[in-house]
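Student: Sequence:
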Amino acid sequence: MAGQHLGLAIAFIYVCLELIGIGILLLFYLKIRHLRIQRKTKEYLQKHQDYFMFLQAHLGDAEELPLPPGKLTELERRVIQQRVTEWIEQFKGDLQQKLIALCYNAGFVQQDLKLLDSLFYGRRIAAAYRLGGMRAVEAVPRLLTMLKHQKYSPLSIVIARSIAKSAEHEQQLRDMLVYLLRHGKPIHHLAADILMETRLDTSRLLLQLMKEDNPDLVKVAMAAMRGQEMPGQVPALGRYAFALERRETTA
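Start counting the sequence shown at 1; every next residue gets the next number (the numbering used here).
Treat each hint with caution, since some may be false.
With a cut-off of at most 25 Å between alpha-carbon atoms, the simulated BS3-like pairs for lysine-lysine come out as follows [to be verified]:
#, residue 1, residue 2
1, 71, 92
2, 148, 114
3, 148, 211
Simulated DEER-style distance windows between Cβ atoms [claimed, not checked]:
#, residue 1, residue 2, range
4, 20, 67, 43 to 51 Å
5, 18, 189, 46 to 54 Å
6, 50, 18, 44 to 52 Å
7, 153, 113, 18 to 26 Å
8, 50, 207, 17 to 25 Å
9, 90, 41, 17 to 25 Å
10, 41, 215, 42 to 50 Å
11, 186, 58, 29 to 37 Å
12, 26, 72, 24 to 32 Å
If you are wondering where the hints come from, they were derived from the structure by calculation, not from laboratory data.
Source: prediction; values computed, not measured.
We put the CB at the ideal spot given by N, CA and C, even for glycine.
Please put together the full structure from these sequences, using the hints given.
Tutor: Now the structure itself:
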């Protein structure tokens with residue numbers, strides 16, 4: 001009997017050692033892969049420097065921006081997409097719209113829309129992030145569904161921010177806030193910051209939120225309206241704030 005126990009203990013130790021070895025090899029592989037991606041990214045940025053300079057020089061022209069040149073690897077596409085998305089964040093109005101149109105014409109938006117169906121959660125989140133950067137309005141219904149079923153985590157903020165950037169209707173912004181705040185987290189100021197990233201005029205929406213029965217939506221509206229030039233609404237803001245405090249005191 002003692003021999004059997006000793007044999008099991010030795011076998012268990014061997015299994016543990018094998019698992020540790022596999023884990024070490026996996027870490028080495030991931031580290032090497034990360035370094036390779038970093039190196040290739042720098043190479044592709046340098047390779048397409050002329051293309052990036054051409055886009056910047058002709059961004060104000062009337063013509064559509066040209067597609068990325070040649071047959072590209074998957075990583076090359078991502079590198080170019082990332083650079084264009086960074087410019088989308090920097091520009092507004094017609095210049096931003098031209099860059100968004102380039103993302104559509106290059107197939108970046110369609111590719112990430114397909115990745116929302118990926119079996120891998122990480123790929124879906126990464127696609128959601130990129131779609132927000134490209135202001136992909138088609139993605140908003142899917143992103144709202146993701147946020148609705150997402151347990152609260154930092155990834156909830158990623159999805160909510162993408163929805164705010166891409167939304168084309170006020171109702172989509174309201175739904176985003178409801179899904180984000182339903183977990184009871186004290187993130188009203190963060191939610192207000194996310195809301196204000198939208199391209200839509202939020203003045204009417206904020207006034208509607210102030211009249212909501214949901215106190216979380218009222219708090220977001222109050223946070224968003226602070227610093228906004230809406231002097232005609234200051235008395236109303238004070239009344240709603242007082243009513244909200246009374247409601248919470250008596251609850």
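Student: All the hints need checking, so say for each whether the structure fits it.
Tutor: Structure-based check of all given hints:
1. 71 x 92: With Cα atoms ~30 Å apart, residue 71 and residue 92 exceed 25 Å; violated.
2. 148 x 114: Satisfied, since the Cα-Cα distance of roughly 19 Å is no more than 25 Å.
3. 148 x 211: Status holds; Cα separation ~23 Å.
4. 20 x 67: 43 to 51 Å: This hint holds: roughly 48 Å between Cβ atoms.
5. 18 x 189: 46 to 54 Å: Hint holds: Cβ distance 50 Å, inside 46 to 54 Å.
6. 50 x 18: 44 to 52 Å: The hint (44 to 52 Å, Cβ to Cβ) holds, given that residue 50 and residue 18 are roughly 51 Å apart.
7. 153 x 113: 18 to 26 Å: Since residue 153 and residue 113 have Cβ atoms about 23 Å apart, the given range 18 to 26 Å holds.
8. 50 x 207: 17 to 25 Å: With a Cβ separation near 49 Å, residue 50 and residue 207 fall outside 17 to 25 Å, so the hint is violated.
9. 90 x 41: 17 to 25 Å: holds (20 Å)
10. 41 x 215: 42 to 50 Å: Given a distance of about 46 Å, which is inside 42 to 50 Å, the answer is holds.
11. 186 x 58: 29 to 37 Å: violated (47 Å)
12. 26 x 72: 24 to 32 Å: About 29 Å separates the Cβ atoms of residue 26 and residue 72, which means 24 to 32 Å holds.
When each numbered hint is compared with the structure, violations occur for hints 1, 8 and 11.
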